[in-house]
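Q: Line order of the protein sequences matches chains B and S. Residues in the first sequence are numbered from 6 upward in steps of one, following this note's numbering. Residues in the second sequence are numbered from 21 upward in steps of one, following this note's numbering.
It is possible that some hints are incorrect.
Listed next, the stretches of chain S that the computed footprint assigns to chain B, with coverage defined by at least 3 CB atoms under 8 angstroms from CB atoms of chain B [said to hold, decoys possible]: (1) 77–91; (2) 152–163.
Label pairs and their computed distance ranges (CB to CB) [to be verified]: (3) B:65 with S:146: 38 to 46 angstroms; (4) B:182 with S:70: 21 to 29 angstroms; (5) B:30 with S:193: 57 to 65 angstroms; (6) B:296 with S:195: 17 to 25 angstroms; (7) B:30 with S:260: 16 to 24 angstroms; (8) S:75 with B:118: 52 to 60 angstroms.
Think of the hints as simulated: they come from the structure by calculation, not from any bench. Remember, predicted model here, so these are calculated numbers, not experimental data. Glycine included, C-beta positions come from ideal geometry on N, C-alpha and C.
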Amino acid sequence: MGAGSLQPSGSRLVGGPRHRRRVAVNRLVEAGCTLAAILAVAVLALVVISVLIKGLPALNLGFFTQEPAPFGQPGGGIANSIVGSAILVGLATAISVPVGIMVAVYTTQFAGPRVAGAIRFALDILNGVPTIVTGVFIFGLMVVGNQQSGWAAAVALAIVELPIVARSAQEVLALVPRSLQEAGLALGLRRWRIVVRIVVPTAAGGLITGAVLGVARVAGETAPLLFTSSIFSDLGITTSPSQAMPNIPVTIFSLSESPAPADHARAWAAALVLILFVLLLSVVARAFHERTRRRLTGR
Amino acid sequence: MSTRRTHSNEMTTPDINEDEHPDLGALGAPVAPTGHSVEVQELNAYYGSEQALREVTLTFAANTVTAIIGPSGCGKSTLVRCINRMHEEIPGARAEGRVLLGDEDVYAPKVDITAVRRAIGMVFQRPNPFPTMSIFDNVAAGLKLAGMRGEAVRERVHRSLRAVGLWGEVKDRLNRPGIGLSGGQQQRLCIARTIAVEPEVILMDEPASALDPISTLRVEELIAELKSRYTIVIVTHNMQQAGRVADSTVFMLDGSLVEHAPTQQMFTNPRDERTERYVTGKFG
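Just chain B, with the same shape it has in the complex (with noise of 0.2 angstroms):
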């Protein structure tokens, strides 16, 4: 027995020096992970915490519903900038899933492995863009030489979420099955056939929950509006993307600026209306993902 020279004495059972320095090392190495893995949920704890306290206390119905007070006075509403914000996001959403699905289907269903690849990359590149440098390029080619516009800020946030919808499209694709493809070749199907009405439909679930994705991460997208829709013609209910369009994250960014304390709360306030809309979303996202997984596992 040649392990028996480690250990000083006794049993062969009960562990040396060498032993309980590794079910140290263990411990500490469990503890540390576990403590990240807590310090990562308390975060996000900490900040929805803070928000709702510092922005319940300006949130009632009419918040939701009025237009903002004029400057100084009290009561006012964010409809402007939800009204503002549905309309840009719902305009970059209708642009971004059609072309992301489309991309993820060319990708995962007709494309070589090597075209594949490069798309990924590419879409992995344009994911990485910072949102800034999208918003001047749209300034750039949109707004110079005309103005602001909410459809300059649409497609600004349609190339934010176009790598997103694309990319979980991809996984969700590349998760249906390969038999039911071959189940369709099978009986003499055209592909596309096979991908409109097989594997897209398969798919359906997690397809939405890429889609949701991407609007929970545009919602909150300030950067390129700042470019193309910060500077608003009047406080009222805007629905043409012609002209700059208010909207949450610019109205949080100017509100919290402002030297009005009574802003402040309006602030924490709108943080708190776009916190709870991207928790839901996440929400609603998760639904549709266990739907598919539950489809594709057969109940």
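Please arrange chain S on chain B, whose structure you already have, making use of the hints.
A: For chain S alone, kept in the frame of chain B given last:
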């Protein structure tokens, strides 16, 4: 090694109901055989640089069941996948040679690959119903997604479900999801989906290997029934199964055809020494 069921034409399913009796009236199929023979000539198949089939030449006679047996990796699945040109769907895979359906080469230059697959249907190892579709839509998939509409679809679906003996089990829940069925029912659903397209040949790649013994038996009985209308090629790992369902059996080894003979002869008096060693369980 009984071939009892294989040659019995009056074979009936034991638990059959009046309304699912697979007589030709219910099936609506002509009495005359409709299957075509399939002739494979000098077929070579590759995965990238690796050769999976070597100069395979054989004929699958019309309206018979032919089993392909052999150890894992011998090329039996590749062979059936070459017959309906599914082999080439795998990236890097290709095939050379001729596969004649009747007198037409499925590898001829102007052939429409989807037409080939509609004439030569395929059933896979694992039941693979479309998870988003109902029982009805699963069977109708090959028709509807090719543009067929209306009453004709319904008729074919019902007829196909009757032909696989599933009608009595599912007629009250045609709109329920296909994946809600048991494994054996799912596989019969997949067979119904295949015959709904009205092929001449049905390829089966280990169709019962994922099923329990009772479901396996039902599928085997179904194969015996179907051969009056289709030419059937079945890949199997299970020599007893080959013995039960096949009129003739093909033994393959390392991508080559070793022996093709009537099933009974194959198992009792094989010509090739390798076949004998395989069927007596000395390797494999």
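Q: All hints are to be evaluated individually against the structure, with a verdict given for each.
A: Verification of the hints:
Using a Cβ-Cβ cut-off of 8 angstroms, 0 residues of the region 77–91 of chain S lie near chain B, which falls short of the minimum of three, so the contact claim is violated. Coverage of the region 152–163 of chain S by chain B holds in this model, with 3 residues showing a Cβ closer than 8 angstroms to a Cβ of that chain against a need of three. Between residue 65 of chain B and residue 146 of chain S the beta carbon distance is about 57 angstroms. The supplied range of 38 to 46 angstroms is therefore violated. Checked against the hint of 21 to 29 angstroms, the pair residue 182 of chain B and residue 70 of chain S passes, with Cβ atoms roughly 25 angstroms apart.
At roughly 59 angstroms, the beta carbons of residue 30 of chain B and residue 193 of chain S sit within the given window of 57 to 65 angstroms. Between residue 296 of chain B and residue 195 of chain S the CB atoms are about 19 angstroms apart, so this pair conforms to the stated range of 17 to 25 angstroms. Against the hinted window of 16 to 24 angstroms, the Cβ-Cβ separation of residue 30 of chain B and residue 260 of chain S comes to about 57 angstroms, which falls outside the hint. In this structure the supplied range 52 to 60 angstroms is violated for residue 75 of chain S paired with residue 118 of chain B, their Cβ-Cβ distance being about 31 angstroms.
When each numbered hint is compared with the structure, violations occur for hints 1, 3, 7 and 8.
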